[in-house]
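Undergrad: Please construct the entire structure, taking both the sequences and the accompanying hints into account.
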Amino acid sequence: MDATAQLVAAELARCADQLTGTASQLTGLRDNADRGLGGGLSGELSDAADGGPQAASAGRLGALTAALGRQWRDTVAQRAAEADEAGRRLAETAAGLRSVVGAYRDVDLTARRRQPTEGS
Amino acid sequence: MDVLDRVAAPARELLARVDALLVGNGAPPGHPVWPLLRQVRALPGDAVAAFVAVRPEPLAAAGTAIRPQLDGYAEAVDVLAGRLDWSGPAAQAYDAARRTLATRLTGGGGAADPDSFAGRLAATAGYAEAVADWAALSRAGLAAVLAEALGSAEAVTVRTAAAESGWSAFGQVGSVGPADAAATIAAAVLTAILEITERGEELLERWRPRLAPAGGHRPIDVASPGAGSDGTIRLRY
Chain A
0 MDATAQLVAA ELARCADQLT GTASQLTGLR DNADRGLGGG LSGELSDAAD GGPQAASAGR
60 LGALTAALGR QWRDTVAQRA AEADEAGRRL AETAAGLRSV VGAYRDVDLT ARRRQPTEGS
Chain B
0 MDVLDRVAAP ARELLARVDA LLVGNGAPPG HPVWPLLRQV RALPGDAVAA FVAVRPEPLA
60 AAGTAIRPQL DGYAEAVDVL AGRLDWSGPA AQAYDAARRT LATRLTGGGG AADPDSFAGR
120 LAATAGYAEA VADWAALSRA GLAAVLAEAL GSAEAVTVRT AAAESGWSAF GQVGSVGPAD
180 AAATIAAAVL TAILEITERG EELLERWRPR LAPAGGHRPI DVASPGAGSD GTIRLRY
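Heads up: the protein sequence lines correspond to chains A and B, in order.
Counting in numbering that gives the first Met the number 0, the first sequence runs from 0 upward without gaps.
Counting in numbering that gives the first Met the number 0, the second sequence runs from 0 upward without gaps.
Note that these hints are calculated values from the structure, not bench results.
Check the hints yourself; a few may be wrong.
Simulated coverage check for chain B against chain A, where a stretch passes if three residues somewhere in it have a Cβ under 8 angstroms from a Cβ of chain A [unchecked claim]: (1) 54 to 63; (2) 66 to 80; (3) 93 to 100; (4) 119 to 127; (5) 140 to 150; (6) 199 to 210.
Just the calculated beta-carbon pair ranges, DEER-fashion [said to hold, decoys possible]: (7) A:D73 <-> B:E197: 21 to 27 angstroms; (8) A:Q24 <-> B:P28: 52 to 58 angstroms; (9) A:R13 <-> B:L149: 54 to 60 angstroms; (10) B:R66 <-> A:R112: 50 to 56 angstroms; (11) A:G101 <-> B:D70: 29 to 35 angstroms.
Beyond 10 angstroms from chain A on every Cβ pair, some chain B residues (computed) [to be verified]: (12) A26; (13) A131; (14) V155.
Where is the CB? At the ideal position from N, CA and C, for every residue including glycine.
TA: Right, here's the structure in full:
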């Protein structure tokens, strides 16, 4: 059981690291929304000097692209937090498992030490 | 560079004139552009400018980048599924913890539960891809409308009127004046913008519940030495 549990604990720790990496990567993806959706009021056409009268905003479409971007950023932040939580819990589970293995080993050693004494 | 990028520059010039005519002269009473202006709440030039800045590539790339991350959850659940040959309170605590955690990560089954971390992550990738698809399809549709507007008789009227000094926005009796032409172009462009907006709003609402924080949170009691009420550990040889 000892070796198997150690192996499982090591695998859990590896998975924990992987999910922590996922959290970092997701955080890095938040800016994609700004590049894909956040340029609603600074687009190519409105940059023109000869654009004539310009409305102060892009109206309903501008509100939509802002909402899509906000939803993306909020969602990615939530997914990053979930991946981080998953990584932390896996790491805690791995640590708990290692502790149990250690406790088993201590009990095992104690029992073996006692056996000759009790038998004599 | 897509089709919208290619028509954006000439459209910018035409729509600037269209916007100027609308602001300076209004539109004929009863023209279809009036309800469209109320619904879109923007002039054609500004609305198109806003949408030209919407690009599918970054979100499509984000969706592509997220998909492989789902493997992390699947692998973790595979490891958690491994049974250990032990018993006792600590074993029971570990067993409960691994089951709870596996359920939280993927739902515990083969396919990811939509309410699990993996399910929510898959939905996030799906959202990115759906927004990217919406942007790509909408850009193609708007480009077609702009291209048609650029080649229309109304565009010639608007450009000619702007080039002539002292022009009358309402033209001569029996002909289509610049104000009418501008309103017609504006109506066509705003119709496309309204369709794009409504599809986007529907997309936003449809995905919202699937992107909410993963539910069913329960605290996990991680196995630890002495777990269990009596602190005993039973060994199996």
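Undergrad: So, for every hint listed, does it hold in this structure?
TA: Evaluation of the provided hints:
1. Figure legend: the region 54 to 63 of chain B, annotated as covered by chain A; annotation consistent (7 residues with Cβ-Cβ distances under 8 angstroms, at least 3 required).
2. Coverage of the region 66 to 80 of chain B by chain A holds [criterion: at least 3 residues with CB-CB distance below 8 angstroms; count 7].
3. Here's how the region 93 to 100 of chain B fares: 4 of its residues keep a CB closer than 8 angstroms to some CB of chain A, so the rule of at least three is met and the hint holds.
4. Check result for the region 119 to 127 of chain B against chain A: holds, 5 residues qualifying (beta carbon to beta carbon below 8 angstroms, three or more required).
5. With 0 residues having a beta carbon nearer than 8 angstroms to a beta carbon of chain A, the region 140 to 150 of chain B misses the requirement of three or more and the stated coverage is violated.
6. Counting residues of the region 199 to 210 of chain B whose beta carbon lies closer than 8 angstroms to any beta carbon of chain A gives 7, which reaches the threshold of three, so the coverage claim holds.
7. The given range of 21 to 27 angstroms is respected by D73 (chain A) and E197 (chain B), whose C-beta atoms sit roughly 22 angstroms from each other.
8. Checked against the hint of 52 to 58 angstroms, the C-beta distance between Q24 (chain A) and P28 (chain B) comes to roughly 57 angstroms, which is consistent with it.
9. In this structure the hint that R13 (chain A) and L149 (chain B) lie 54 to 60 angstroms apart at CB holds, the actual value being about 58 angstroms.
10. Checked against the given bound of 50 to 56 angstroms, the beta carbons of R66 (chain B) and R112 (chain A), roughly 54 angstroms apart, stay inside it.
11. A C-beta distance of roughly 31 angstroms is found between G101 (chain A) and D70 (chain B), which places it inside the suggested range of 29 to 35 angstroms.
12. A26 (chain B), annotated as away from the interface, keeps every beta carbon of chain A farther than 10 angstroms; the closest lies near 15 angstroms.
13. Its beta-carbon lying about 7 angstroms from the closest one in chain A, A131 (chain B) breaks the requirement of being farther than 10 angstroms from that chain.
14. Its beta-carbon lying about 18 angstroms from the closest one in chain A, V155 (chain B) satisfies the requirement of being farther than 10 angstroms from that chain.
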